[in-house]
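Asks: Now for the letters of each chain:
Number of protein chains: 2
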Amino acid sequence: MIRTGVQQMARGLCQIMGREISKGNFNTNIRQQMTPRGTFQLPWSSINSVRTMAVLPWPFSFQPRDFSLPNLSWGSDMRRLYEHYNSQCEVETDDGEKKWGVWRRLPSYNRSLKYATGTGRVSFTWMECVCTKRHALTTYCGVYLSKIIQSKARLFTRNIREQGAAFEYVVFVNKQEQKCVCVFQAGHLLEGPPGHVHGGAIATMIDTVTGTHATYLSGPVMTANLNINYRSPIPLGSTVLLTCSLDKKEGRKTFVSCQVTNTDSSKLHTEATGLFLSITMGDLLGG
Amino acid sequence: MIRTGVQQMARGLCQIMGREISKGNFNTNIRQQMTPRGTFQLPWSSINSVRTMAVLPWPFSFQPRDFSLPNLSWGSDMRRLYEHYNSQCEVETDDGEKKWGVWRRLPSYNRSLKYATGTGRVSFTWMECVCTKRHALTTYCGVYLSKIIQSKARLFTRNIREQGAAFEYVVFVNKQEQKCVCVFQAGHLLEGPPGHVHGGAIATMIDTVTGTHATYLSGPVMTANLNINYRSPIPLGSTVLLTCSLDKKEGRKTFVSCQVTNTDSSKLHTEATGLFLSITMGDLLGG
Chain B
1 MIRTGVQQMA
11 RGLCQIMGRE
21 ISKGNFNTNI
31 RQQMTPRGTF
41 QLPWSSINSV
51 RTMAVLPWPF
61 SFQPRDFSLP
71 NLSWGSDMRR
81 LYEHYNSQCE
91 VETDDGEKKW
101 GVWRRLPSYN
111 RSLKYATGTG
121 RVSFTWMECV
131 CTKRHALTTY
141 CGVYLSKIIQ
151 SKARLFTRNI
161 REQGAAFEYV
171 VFVNKQEQKC
181 VCVFQAGHLL
191 EGPPGHVHGG
201 AIATMIDTVT
211 GTHATYLSGP
221 VMTANLNINY
231 RSPIPLGSTV
241 LLTCSLDKKE
251 GRKTFVSCQV
261 TNTDSSKLHT
271 EATGLFLSIT
281 MGDLLGG
Chain S
288 MIRTGVQQMA
298 RGLCQIMGRE
308 ISKGNFNTNI
318 RQQMTPRGTF
328 QLPWSSINSV
338 RTMAVLPWPF
348 SFQPRDFSLP
358 NLSWGSDMRR
368 LYEHYNSQCE
378 VETDDGEKKW
388 GVWRRLPSYN
398 RSLKYATGTG
408 RVSFTWMECV
418 CTKRHALTTY
428 CGVYLSKIIQ
438 SKARLFTRNI
448 REQGAAFEYV
458 VFVNKQEQKC
468 VCVFQAGHLL
478 EGPPGHVHGG
488 AIATMIDTVT
498 GTHATYLSGP
508 VMTANLNINY
518 RSPIPLGSTV
528 LLTCSLDKKE
538 GRKTFVSCQV
548 TNTDSSKLHT
558 EATGLFLSIT
568 MGDLLGG
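Chains B and S supply the protein sequences, listed in that same order.
Just so you know, our numbering puts 31 at position 31 of the first sequence, and the rest follows in order with no gaps.
Residues are numbered in our numbering as their position in the second sequence, beginning at 1, plus a constant of 287.
So here's chain B without its partners, still in its complex pose (with noise of 0.2 Å):
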């Protein structure tokens, strides 16, 4: 069952690497399967430098759940915010024509690997990786290694089923000013103090999202460190907002600094400088 899975995937890289991507078609596929459906649609001709998530073409159907649109367990601060960065993703011309904002919500994903009668379904989460048309072979293969090791591998914020259990937050990156931000709806699941967030979750949700920052601007990286400074504990299931920027770049190293406060950014939470460096494939397999 599993060398029959992996012969599947052999002949289908095979088949992508020789036809698909020869042909040119690689990311019009992607864009095709990419579109979430129901959404708002812009041609992707005209958006070549917007960097969009890699995922696996033929002969691998495509249907994941964007985890990073509203469900009924957001409470009102996280659909209020959600609202208020979605509204600016996209803008009306004069011409009435619609068109990008400087926001743009990231889709998010889990990794799931699955098998049912013999068709393959893969999505695939990096970091909530968003990658470039010159990194999505790459990422490719790192789908089809990570597939062969851990079939049932999961990406850690987004492992558990519940709506609203543990982490539910989208991210929104704008290019122009170089900033990102996460809306944050901590769930029961991730208590440390009594009432309030553990450490850690905070810390993952840092990682996270500072992470797709620094991809978003510098393509695929690896977290080199972080240094958090925990400020005030976050109530259990309150929403909080993430707020990152670029601090420089310097070769392979790019800095950013979050800062996580409530919706009104009235109270500091925690804040955090992140250093990332730029990596290929094979810095994570030699790692």
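Just so you know, the hints here were simulated from the structure itself, not pulled from any lab data.
Model, not experiment: these values are computed from the prediction.
Treat each hint with caution, since some may be false.
Calculated pairs, PhoX-like style, for lysine-lysine (alpha carbon to alpha carbon, straight line, at most 25 Å) [said to hold, decoys possible]:
id	chain 1	residue 1	chain 2	residue 2
1	S	K385	S	K439
2	B	K253	S	K386
3	B	K152	B	K99
4	S	K540	B	K267
5	B	K179	B	K267
6	B	K248	B	K179
Please arrange chain S on chain B, whose structure you already have, making use of the hints.
Replies: Chain S in isolation, oriented as in the chain B frame:
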């Protein structure tokens, strides 16, 4: 239903404060309920200095699962290291008597708050919180409070039921050398980079273990700072060793450092420092 539970607790609290504690039975109750079934038991009168988990006494029964005990998901490395440290938790004297060794295994619970047929069952873990007699009542109030706030809350590191799927770990402390070790097996639900552990999951274990060590040495604390350097990715499914030591204590501050290595300590995966502040429940409530 909730009100009934709260009334039960309030009555229990008054009775405990007015009757049980005044009669000096509080710790006796804890002792009786804390003893893991089927494990080696020492006379508690001989270990007054030993810090124990704070749990709710009467009217609540107490039979929580200790997550730090071996289960079928543990691999050979995890079992071997567990046995290595566990065998040093008790020693035999020349007279053939058994007494505590230099290491001590800390039990580990999730935070379960359940009501069934009118009988409350309560266990409590706060950053693997271990506390002295003088902190027992304070901690009890924390349990009482958090029960009202979030009846479904669970400790972040123990929130997944499937054995081996997420955090499998056991903490041993050595008061004599002011050291602490944690054997940690990373399950498939902790993925970050493909096939490797999420940086947030590593941060979570570092926060948990350094926090436990600080609490063991200084009483209840909150994390003030974590500074984490990620040196080498940790493969998913592998077992690693977290070794913590006390750097210094200054007033309310406790400084702890931590290294995450492979099982024979030949490869450094992560290193970190943690600063912890001693707190009262008032600090937490006012936060």
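Asks: Indicate, hint by hint, whether the structure satisfies it.
Replies: Outcome of the hint check:
no.: 1; hint: S:K385 / S:K439; in the structure: violated (40 Å)
no.: 2; hint: B:K253 / S:K386; in the structure: violated (53 Å)
no.: 3; hint: B:K152 / B:K99; in the structure: violated (39 Å)
no.: 4; hint: S:K540 / B:K267; in the structure: holds (23 Å)
no.: 5; hint: B:K179 / B:K267; in the structure: holds (20 Å)
no.: 6; hint: B:K248 / B:K179; in the structure: holds (12 Å)
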